[in-house]
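Please take these sequences and the hints and turn them into a complete structure.
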Amino acid sequence: MPLRSINLPGIGTKYELETEKGDVLAIFFLKNGNIQMYTLPHNAAAPSVAELNPAEARRLGTILSGAIMEADKESVEMAFSALSDLRISVHTYKIGRPMAGKCIGDLQIRAKTGVTIIGVSRGEQNTINPPPEFIFEEGDAVVAIGETDQLKRFEHECMVQ
Amino acid sequence: MEGIVLALLVCLILALLTKHLSAPVTPFYILAGIVVGTSGLKIVAADDISHFSTELGLIFLLFFLGLELKPGRILSNRKTFLASGLLDLNINFLIGFGAAFLLGFPLIESLVIASAFFISSTAMTVASLIENRKLMMREAETIVWMMVFEDIVLIVVLTLLSSSLAAPALFVGEIAAFFAVFFLISTLGRGYILKIMNRDDELPVIFTFSSVIAVAFLAQQAGLPESLMVIAFGAALATTDPVKFEIQAQPFKDVFLVVFFVFFGIGVDFSGGIPLLIIAALSLLAIVSKFLSGIAIGHFVHGKSGAGIEIWANTIGRGEFSIALATLYGSVMVSTIIAGLVITTSIVGSFSAKYSDRISQLFRKWGLFQKSPS
Numbered sequence: 001m002p003l004r005s006i007n008l009p010g011i012g013t014k015y016e017l018e019t020e021k022g023d024v025l026a027i028f029f030l031k032n033g034n035i036q037m038y039t040l041p042h043n044a045a046a047p048s049v050a051e052l053n054p055a056e057a058r059r060l061g062t063i064l065s066g067a068i069m070e071a072d073k074e075s076v077e078m079a080f081s082a083l084s085d086l087r088i089s090v091h092t093y094k095i096g097r098p099m100a101g102k103c104i105g106d107l108q109i110r111a112k113t114g115v116t117i118i119g120v121s122r123g124e125q126n127t128i129n130p131p132p133e134f135i136f137e138e139g140d141a142v143v144a145i146g147e148t149d150q151l152k153r154f155e156h157e158c159m160v161q
Numbered sequence: 001m002e003g004i005v006l007a008l009l010v011c012l013i014l015a016l017l018t019k020h021l022s023a024p025v026t027p028f029y030i031l032a033g034i035v036v037g038t039s040g041l042k043i044v045a046a047d048d049i050s051h052f053s054t055e056l057g058l059i060f061l062l063f064f065l066g067l068e069l070k071p072g073r074i075l076s077n078r079k080t081f082l083a084s085g086l087l088d089l090n091i092n093f094l095i096g097f098g099a100a101f102l103l104g105f106p107l108i109e110s111l112v113i114a115s116a117f118f119i120s121s122t123a124m125t126v127a128s129l130i131e132n133r134k135l136m137m138r139e140a141e142t143i144v145w146m147m148v149f150e151d152i153v154l155i156v157v158l159t160l161l162s163s164s165l166a167a168p169a170l171f172v173g174e175i176a177a178f179f180a181v182f183f184l185i186s187t188l189g190r191g192y193i194l195k196i197m198n199r200d201d202e203l204p205v206i207f208t209f210s211s212v213i214a215v216a217f218l219a220q221q222a223g224l225p226e227s228l229m230v231i232a233f234g235a236a237l238a239t240t241d242p243v244k245f246e247i248q249a250q251p252f253k254d255v256f257l258v259v260f261f262v263f264f265g266i267g268v269d270f271s272g273g274i275p276l277l278i279i280a281a282l283s284l285l286a287i288v289s290k291f292l293s294g295i296a297i298g299h300f301v302h303g304k305s306g307a308g309i310e311i312w313a314n315t316i317g318r319g320e321f322s323i324a325l326a327t328l329y330g331s332v333m334v335s336t337i338i339a340g341l342v343i344t345t346s347i348v349g350s351f352s353a354k355y356s357d358r359i360s361q362l363f364r365k366w367g368l369f370q371k372s373p374s
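If you read the sequences in order, they're chains R and H. This note's numbering applies: residue 1 is where the first sequence begins, and numbers increase by one. This note's numbering applies: residue 1 is where the second sequence begins, and numbers increase by one.
For the record, the hints were derived by calculation from the structure and aren't laboratory data. Backbone N, C-alpha and C define an ideal beta-carbon position, used for all residues, glycine too. Do not take every clue at face value.
[As the list claims (entries may be wrong)] Facing chain H, from chain R, some residues (calculated, C-beta under 7 Å):
1) Pro9
2) Ile11
3) Pro47
[Claimed, not checked] Below, in silico cross-link-like pairs of lysine-lysine (DSS-like), each with a Cα-Cα straight-line distance of 30 Å or less:
4) R:Lys31 - H:Lys42
5) R:Lys31 - H:Lys354
6) H:Lys253 - R:Lys31
7) H:Lys354 - H:Lys365
8) H:Lys70 - H:Lys253
9) R:Lys31 - H:Lys70
10) H:Lys19 - H:Lys365
11) R:Lys112 - R:Lys94
12) H:Lys70 - R:Lys21
13) H:Lys253 - H:Lys304
14) H:Lys79 - R:Lys31
15) R:Lys31 - H:Lys19
Encoded structure:
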């Protein structure tokens, strides 16, 4: 798959890739920050074009590079296909009355479930990597990271008591 | 003062309208200038403020041209660059020069007309390639390199036209000395310049603006052409961080270039008899000669004449550099003709660029320029 890149004065950088099957992809990073992506199927006369803004292009990039993010309402799952399908889920929870007033260390969250609390949002204030002494309050929004099974266990053992 | 405000407001409305229709805006700025200026309603006349503003427009246009000159890039594409550029130059310049000379213009004026006739609008061409999503075409790359070649020819023409006024040897020596100083400053002072440009306060913009106009002023004082000095200054600064300078200089270029175009229109004077016939003939010839050069480039560079249709369709429009040449070296008569040339070719060019597919189809239907079997 020959890949060539070239700087076009006044336009930006061009990348062109020919696939094994003879389809051609051309990507232009324009000076205004947008990206034009052309695909020209083998034997076709004219290419089709999509223009992406930087955020859309990054999104497309993560999909193509194999780090797949599946976002539902309160969780995101990342799969790194290059790392023998390593899957990590990030989930958000609201702290209810059972956990209020207790600290992370006392609850033994990681020992019992394998889940790590990586952030807490309380009103306007965010705490990243809260220490074991961190005491929850009712209404805190927490971000937990772990495997899907571990997060399930966390939901059953800690959240519902 | 009120003249420039009125002119800018008219341009703002025109810009809103043409962006909505995705048409090129330059010809309409000039037309608006003609309508409100000397040849039309006579509401707006040039004054000191407009003179200064139009000069800024021209200076920043040329400063940008300098920033875009990167010799390394050109050398890596030498073959296409030279072949397409030379065909473009020889065909269009000779036809333009011959026509102007036959119409009875003296040598220097013919040279100015020929250059304005030759040089396509880089801004319009690049914008239409992006807008019409034609970047993937093989021809697009050739077209972009043609624009760079034309910019270099412009620099040569500017040197030729300005040196005819002074003692050539001394003149060239002085210019070379200035170039050397610029490059020395941007090489030795590279670290310091980058430090200034990387700040996020008002320093980068003040530095960009004041250094560019200082160079123009110094050139004037030394009796050297500002145009060349500003291009050289841009080229020297391009060795530091051209993108940073472009970001800072862009607003000045955008605003003052509008003033430049509209006051160019305002200065157009039909009182000496409207040379409509000459304008029409020259515009038609300008379209035909780009067709000839396009077909030749398609044939020699891409191996099929049909490719030339795309090249032609995207390079018909003449614009900012033609007007710059007219402003710098054209008489009123020459400027008026070039105004007409720019207006017609840029409007025709915007349509041809948009519908180049259909134009190619039409030619094929007539049995001309078949796609080579591949």
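Evaluation of the provided hints:
{"no.": "1", "hint": "Pro9", "verdict": "5 Å, holds"}
{"no.": "2", "hint": "Ile11", "verdict": "6 Å, holds"}
{"no.": "3", "hint": "Pro47", "verdict": "5 Å, holds"}
{"no.": "4", "hint": "R:Lys31 - H:Lys42", "verdict": "40 Å, violated"}
{"no.": "5", "hint": "R:Lys31 - H:Lys354", "verdict": "21 Å, holds"}
{"no.": "6", "hint": "H:Lys253 - R:Lys31", "verdict": "16 Å, holds"}
{"no.": "7", "hint": "H:Lys354 - H:Lys365", "verdict": "19 Å, holds"}
{"no.": "8", "hint": "H:Lys70 - H:Lys253", "verdict": "20 Å, holds"}
{"no.": "9", "hint": "R:Lys31 - H:Lys70", "verdict": "16 Å, holds"}
{"no.": "10", "hint": "H:Lys19 - H:Lys365", "verdict": "33 Å, violated"}
{"no.": "11", "hint": "R:Lys112 - R:Lys94", "verdict": "19 Å, holds"}
{"no.": "12", "hint": "H:Lys70 - R:Lys21", "verdict": "36 Å, violated"}
{"no.": "13", "hint": "H:Lys253 - H:Lys304", "verdict": "39 Å, violated"}
{"no.": "14", "hint": "H:Lys79 - R:Lys31", "verdict": "26 Å, holds"}
{"no.": "15", "hint": "R:Lys31 - H:Lys19", "verdict": "19 Å, holds"}
Hints 4, 10, 12 and 13, counting from the list given before, are not met by this structure.
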